[in-house]
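> Sequence:
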Amino acid sequence: MVELTIDLAKSVPPVLAVGALLNNTVCATKGEQAFISPLLGDLHRQEDFARFERTIERMCLHLEVAPRLVAHDLHPDLPSTRFALACGIQPLAVQHHHAHIAAVAAENGHLGPLIGVALDGFGLGPAEEAWGGELLFVEGPDFVRLGNLALLPQPGGDAAIREPWRMAGAVLWRIGRGGEIPLRFADQKAAGFLTSTLERGGFLETSSCGRLFDAACGLLGIHPTVKREGDGPKALERLVSRPKVMQGGWRITGGTLDLLPLLGGIADCSPQEGADLFHGTLIAAVADWVTQAAAENGLTGIALAGGCFTNRVLTSGLVAALTENGLTPILPRRLSPGDSALSLGQAWIAGLTALRYEHG
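Here the sequence shown is numbered in my numbering, starting from 3 and rising by one per residue.
Fair warning: there could be bad hints in the mix.
[Claimed, not checked] Computed list of lysine-lysine pairs in DSS-like fashion (alpha-carbon distance at most 27 Å, straight line):
1. Lys-191 to Lys-229
2. Lys-246 to Lys-191
3. Lys-236 to Lys-246
4. Lys-32 to Lys-12
[Said to hold, decoys possible] Here are the in silico distance ranges between beta carbons for each label pair:
5. Asp-79 to Ser-198: 25 to 31 Å
6. Arg-335 to Arg-179: 40 to 46 Å
7. Thr-7 to Arg-56: 15 to 21 Å
Since the hints were derived computationally from the structure, they do not count as laboratory data. We treat Cβ as the ideally placed atom computed from N, Cα and C, and that holds for glycine.
When you get a sec, could you build the whole thing from the sequences and use the hints?
Rendered as structure tokens:
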């Protein structure tokens, strides 16, 4: 029923948080503690959703709490969101990447302000954008988006997650090499008309760091299609021997970090060389981006969260680079950087919001 208990930086009113979709957990607060459930699974599966409902009922009874708010993801179509909106408790929508950063803050007893770096696959933004590479200013229950990864087309929407070659094709098209798509991906049925699809427009655009990894995999011929999200990036990480920095591999403009030069630069590399250049340049680029934002905001605490931080090369390299720049990386301790920690972040935001309501 309760897998982890986290001591919070301050006492908050009782709230419930229901996580998102994949690797779901739920969390309830009581005083200065947050109680997190075991991993409940993926809520699109009926048996996992039934477990989710049972766990919430039993946890609230066991802890003897009557939640004042129920926090949920912004995405309206998630089973957890639908549950929150129907359960009779006042709902509070929490942006996905804000929750990621808040989870790290809560676990480390940090009230903010701090800068959050969320490198992730997908989370809905406040205007229904596809977020996933975000630089956030976080203080208490509030956040401001300071920057994001430059938008890339995600042709086919969710199909691009299962078929990373589509993200590679989008990169080739964006750098003026769209004519190569049918030849480079000749074994993919949709390759022949991907360029025309892109030229017609109307495609989803994303700031997702996960889709950058997918683009790199597609360009390097690593898992052009996958059964599970993350299979390609894991294979790419295994190829790294010594990360290298590509000079001129990124641009920063008005808070937007553009890694298109890097992706174009590895398009003709071997998988091994491309893996080294992708990881090394991504680390250097993100460190540059974060360091500029930290100086502009007078902050040194940098929270790192999101599914991309399961990549040990990225995490260790970025921690070292930020530390060398005089900043203080703040990492998850007992929790994953991925979606299983979302409920804690949602609960912390909801608890601080409820506390604000109490004090007017």
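> Could one say that the CB atoms of Asp-79 and Ser-198 fall in the range 25 to 31 Å?
Taking Cβ atoms as reference, Asp-79 and Ser-198 lie about 29 Å apart, which means the hint holds.
> Given the hint that Lys-191 pairs with Lys-229, test it: the Cα-Cα distance must not exceed 27 Å.
holds (17 Å)
> Are the Cα atoms of Lys-32 and Lys-12 separated by 27 Å or less?
holds (11 Å)
> Verify the CB-CB distance for Arg-335 and Arg-179 against the hinted window 40 to 46 Å.
holds (44 Å)
> For the pair we were handed, Lys-236 and Lys-246, check the Cα-Cα distance against 27 Å.
With Cα atoms ~18 Å apart, Lys-236 and Lys-246 stay inside 27 Å; holds.
> Given the hint that Lys-246 pairs with Lys-191, does the C-alpha gap stay at or below 27 Å?
violated (35 Å)
> Holds or violated: the 15 to 21 Å window for the beta-carbon distance between Thr-7 and Arg-56?
holds (20 Å)
Violation of the numbered hints given earlier is confined to hint 2; every other hint is satisfied by the structure.
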